[in-house]
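Using the sequences plus the hints, can you model the full thing?
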Amino acid sequence: MFLLFTSCIVVKERVPDEEFSTEFTLLEKPSIPMGSESIRSERGDMIAFLPEGWLLVDTENKSPVNVFAVSVNQSYTLSIVFSKWTNKLDVISILKKDGLLGIATKIFEMKQLKSLNNLRLLGNFEPVKNATQKFYIFKYENLQNGLIGKSAVFVTGLNEVYEFSLLQLDFKEKQEISDADFDKIFSSVLSTIKF
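Take any residue in the sequence shown, note its place counting from 1, add 42, and you have its number in our numbering.
Note that these hints are calculated values from the structure, not bench results.
Just so you know, not all the hints are guaranteed correct.
[What the hints assert, rightly or not] List of simulated lysine-lysine pairs, DSSO-like, C-alpha gap at most 30 Å:
id, residue 1, residue 2
1, K153, K176
2, K192, K214
3, K139, K214
4, K126, K171
[Stated by the list, open to error] Here are the in silico distance ranges between beta carbons for each label pair:
id, residue 1, residue 2, range
5, A173, R82, 33 to 41 Å
6, K171, S73, 13 to 21 Å
7, S73, V107, 30 to 38 Å
8, P106, K214, 32 to 40 Å
As the structure is a prediction and not an experimental result, all values here were calculated from the model.
Ideal Cβ positions, reconstructed from N, Cα and C, are used throughout, including at glycine.
Here you go:
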């Protein structure tokens, strides 16, 4: 008697952003009062609203070239920054290979390089979905001064890559903000972003 054994190996190809194929809770509506002051990209492919009482800052061309909007709270302890990363990335190639997670990872790596390796990722990159809009968020600490930042990365229909960040500032004495309050501000602004 002759027996023949064969086997078959099945390899599942990773689909970029497959984590978005599962059900996600929609971002809640803002949990803090939002003002009527809005941030718009130059191409008009994204808009966001600022918390009530926050001030837009004229950076007088002193901010990095990819930053197009900066806002601060009235006590100058927190800042909201909107940046465009399209010109610094091969967007289509990264999206095809690694999806939005690849874009978020690359942006963190560039921020890390610019900080001379003084940023530490706190936790993991987290996928968030608001209706059809997809984001990756990540939180980090500046090891030199202990200040915290949190960013959301997204790609618009025009294949423009944007980052929204909430950052602690130390212009004055460092004032502690609870994680809950920090996250409330971040989530409230994030929920107003439309693209």
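Taking the hints in turn, this is what the structure says about them:
no. : hint                    : verdict
1   : K153 - K176             : 21 Å, holds
2   : K192 - K214             : 20 Å, holds
3   : K139 - K214             : 43 Å, violated
4   : K126 - K171             : 20 Å, holds
5   : A173 - R82: 33 to 41 Å  : 20 Å, violated
6   : K171 - S73: 13 to 21 Å  : 18 Å, holds
7   : S73 - V107: 30 to 38 Å  : 33 Å, holds
8   : P106 - K214: 32 to 40 Å : 23 Å, violated
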